[in-house]
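Start from the sequences and build out the full structure, keeping to the hints where you can.
Number of protein chains: 2
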Amino acid sequence: MHSVTIRDVAALAGVSTATASRVLSGHPATSPDARRKVVDAATELGFRPNAQARSLRMTRTDTIGVLVSDVRNPFFAEIAHTVAQSAKDAGMATLLCDANESIDQQDRSLDLLLSQRVDGMIVTPQGDGSGSLRQILTLGLPVVFVDRTIDGVDVPSVTSDNRTGIEDAVRHLVDLGHRRIGYVAGPQETSTGRERLAAFREAVERHSLDDAPELVYQGDFQAASGAAGGRALLDLAEPPTAVLAADSLMTFGLLMVCQERAVRIGTDLSVIGYDDIDAFRLVDPPLTVIAHDPGRMGTLAVEMIRALLAGQPVTSAVLTTSLVERGSTGPTRRNS
Amino acid sequence: MHSVTIRDVAALAGVSTATASRVLSGHPATSPDARRKVVDAATELGFRPNAQARSLRMTRTDTIGVLVSDVRNPFFAEIAHTVAQSAKDAGMATLLCDANESIDQQDRSLDLLLSQRVDGMIVTPQGDGSGSLRQILTLGLPVVFVDRTIDGVDVPSVTSDNRTGIEDAVRHLVDLGHRRIGYVAGPQETSTGRERLAAFREAVERHSLDDAPELVYQGDFQAASGAAGGRALLDLAEPPTAVLAADSLMTFGLLMVCQERAVRIGTDLSVIGYDDIDAFRLVDPPLTVIAHDPGRMGTLAVEMIRALLAGQPVTSAVLTTSLVERGSTGPTRRNS
DNA sequence: ACTGTCCGTGTAATCGATTCCATGGAATCG
DNA sequence: CGATTCCATGGAATCGATTACACGGACAGT
Numbered sequence: 136m137h138s139v140t141i142r143d144v145a146a147l148a149g150v151s152t153a154t155a156s157r158v159l160s161g162h163p164a165t166s167p168d169a170r171r172k173v174v175d176a177a178t179e180l181g182f183r184p185n186a187q188a189r190s191l192r193m194t195r196t197d198t199i200g201v202l203v204s205d206v207r208n209p210f211f212a213e214i215a216h217t218v219a220q221s222a223k224d225a226g227m228a229t230l231l232c233d234a235n236e237s238i239d240q241q242d243r244s245l246d247l248l249l250s251q252r253v254d255g256m257i258v259t260p261q262g263d264g265s266g267s268l269r270q271i272l273t274l275g276l277p278v279v280f281v282d283r284t285i286d287g288v289d290v291p292s293v294t295s296d297n298r299t300g301i302e303d304a305v306r307h308l309v310d311l312g313h314r315r316i317g318y319v320a321g322p323q324e325t326s327t328g329r330e331r332l333a334a335f336r337e338a339v340e341r342h343s344l345d346d347a348p349e350l351v352y353q354g355d356f357q358a359a360s361g362a363a364g365g366r367a368l369l370d371l372a373e374p375p376t377a378v379l380a381a382d383s384l385m386t387f388g389l390l391m392v393c394q395e396r397a398v399r400i401g402t403d404l405s406v407i408g409y410d411d412i413d414a415f416r417l418v419d420p421p422l423t424v425i426a427h428d429p430g431r432m433g434t435l436a437v438e439m440i441r442a443l444l445a446g447q448p449v450t451s452a453v454l455t456t457s458l459v460e461r462g463s464t465g466p467t468r469r470n471s
Numbered sequence: 136m137h138s139v140t141i142r143d144v145a146a147l148a149g150v151s152t153a154t155a156s157r158v159l160s161g162h163p164a165t166s167p168d169a170r171r172k173v174v175d176a177a178t179e180l181g182f183r184p185n186a187q188a189r190s191l192r193m194t195r196t197d198t199i200g201v202l203v204s205d206v207r208n209p210f211f212a213e214i215a216h217t218v219a220q221s222a223k224d225a226g227m228a229t230l231l232c233d234a235n236e237s238i239d240q241q242d243r244s245l246d247l248l249l250s251q252r253v254d255g256m257i258v259t260p261q262g263d264g265s266g267s268l269r270q271i272l273t274l275g276l277p278v279v280f281v282d283r284t285i286d287g288v289d290v291p292s293v294t295s296d297n298r299t300g301i302e303d304a305v306r307h308l309v310d311l312g313h314r315r316i317g318y319v320a321g322p323q324e325t326s327t328g329r330e331r332l333a334a335f336r337e338a339v340e341r342h343s344l345d346d347a348p349e350l351v352y353q354g355d356f357q358a359a360s361g362a363a364g365g366r367a368l369l370d371l372a373e374p375p376t377a378v379l380a381a382d383s384l385m386t387f388g389l390l391m392v393c394q395e396r397a398v399r400i401g402t403d404l405s406v407i408g409y410d411d412i413d414a415f416r417l418v419d420p421p422l423t424v425i426a427h428d429p430g431r432m433g434t435l436a437v438e439m440i441r442a443l444l445a446g447q448p449v450t451s452a453v454l455t456t457s458l459v460e461r462g463s464t465g466p467t468r469r470n471s
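These protein sequences, in sequence, are chains X and F.
Heads up, the first sequence is in the numbering used here, so the first residue is 136 and it goes up one at a time.
Heads up, the second sequence is in the numbering used here, so the first residue is 136 and it goes up one at a time.
No lab work stands behind these hints: they were computed from the structure.
A portion of the hints provided could be inaccurate.
Which copy is meant is left open, so a pair is good if it fits within one copy or across any two.
Listed below are the simulated EDC-like cross-link pairs for lysine to aspartate or glutamate, each with C-alpha atoms no more than 16 Å apart in a straight line [said to hold, decoys possible]: (1) 223 with 349; (2) 223 with 254; (3) 172 with 143; (4) 223 with 438; (5) 223 with 403; (6) 223 with 205; (7) 223 with 242; (8) 223 with 197.
Here it is in structure tokens:
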């Protein structure tokens, strides 16, 4: 499979490789005659420039690396999709990797992206920034964090306001009369896991709600841990009357358990999910959720990377979060 | 940001670049002394080989391109995820692109992957294979189709048995007494769209069911068209008593409309969805679906690409499909 | 002791596209 | 009409890693 090089094009067009290159990259100093011959030759041979050779010379790949924790999570899939679309619109390609929610695989993917010499990276990070991430940052490669951040690491980021989302959710439950609220937390190796849990604890304190340690189940953002958390909370001697989960996959797990046990959501137990996934509108009853905007996160992240690449200063953005009230939350049964 | 090259490593280690390269790529003819010095120098400098330069020389990138129609579709997200994982296990990287269900973007993505000089591609194709796809195939680049194929194009593929899935679904509905079944079809530019529709039509004929043209709504595999199809079918003078949708996103749309109109699924209307998404277990009632296995498709596709790269012959695989009966299908109301 | 292997190493060519520099011809100006 | 500018063009260097080839030294066999 010998591929067509610019030499072949130049030879067929009867010009030098320099001229061929100039024509093909739109350099102004080319004659109409040469332009025509080179373009004809290129299309006839089906010439496709070798991106390796080009970026080796240019020290630029016009490619940004995207690392999400798990594409199977609809929230991250949406981010990945919009990032890919916006990048394409800006004339850049994207290399998408999936860390499978593992710090080890995160490091391997970062190494891969680094040796592919991406011009910048958009990352949903985890861990303490000690591994390959540190190296990348000392290298000065433009990086933007999305959804998550890392403490003490000064990287521009686009996140959502975890605090008010949780606060609104708890207030909503309190207004409905709930005093005993369970929480399925995300992993504490992630900033979102930590911030959401902290916000939950503060809200519990502010409203003087039941504050038993067993009301918080420590999950890992995967569906299975949401199910485990659901079981643990429902099996308590004094189970909560409402439950919050810290991401969409754990919310799924939680709902599965409720279905398994025929717990009537909205009456037996109020449930608030995280992320406004389409499917949450279809469950019965439709789920009250803390909504934020993955699409906007993705487009903003690309804008920020482009600004960084252009040498412009960027400031981190924090998007707002809103509570979407549907049927899965209702007044406490035990209360009445 | 001047990156560390193998020259820097060689200089620090006090050897030539050739020796440094040999050590780093595990060539046997190296002395223990040189090995130690080079490895030390490389780690000290944080050397990371430039993949561009390497693959330019080696004419191999150890990277496979993956093109799915839309990562937001959970079915394709799962394929992308398992492909990435299996490829990683095999020591290969993956470049993931998203065609956004558009033939135009499919061609652009293929061009991108081609200039990245991927060693092979795994594609969920659409269209007639006339654009960039033809060029890639005449180039002899190893390609494997997943889920979908293209008529008259001889490429190994891993698909699922669309026919029996639909047949089982229709038989199940017939057994429940349904005689008037609606169908929300996928785009006829895709093989899955065509095969499933053909299978549906044949099943309708075999069972001598109502065969009005308006019972088939032509959708495009996106959620919005599922909703439009749902409305069209429900608005018929004589609406169907059961509906099938040809993929998961359209099934979502269909369910949304049912919810909007308070159609009681399983009693007012039986619904069968396509793809066994977790969320379909949670809707009320749990959805009867035609299930197939995206994870297995992904791993098989990687195995096939590896075989092709090794010059071994491969034969296409067709995976089985099964009907998972849940609560969304029930006996006809009008029948009784 | 002499010749033939074998092994570790260095020099330099190579992959394909871009780009600096030099060149020659045409166009412009005094 | 001669000098100067401008522009299209080609030759050759370059990016960083790999590897064919050559070379020198060690070692074994006769």
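Now the hints, each set against the structure:
{"no.": "1", "hint": "223 with 349", "result": "neither (47 Å within a copy, 39 Å between copies)"}
{"no.": "2", "hint": "223 with 254", "result": "within (14 Å within a copy, 22 Å between copies)"}
{"no.": "3", "hint": "172 with 143", "result": "within (13 Å within a copy, 43 Å between copies)"}
{"no.": "4", "hint": "223 with 438", "result": "within (12 Å within a copy, 30 Å between copies)"}
{"no.": "5", "hint": "223 with 403", "result": "neither (48 Å within a copy, 45 Å between copies)"}
{"no.": "6", "hint": "223 with 205", "result": "between (21 Å within a copy, 15 Å between copies)"}
{"no.": "7", "hint": "223 with 242", "result": "between (26 Å within a copy, 13 Å between copies)"}
{"no.": "8", "hint": "223 with 197", "result": "within (10 Å within a copy, 24 Å between copies)"}
Of the numbered hints stated above, those contradicted by the structure are hints 1, 5, listed in ascending order.
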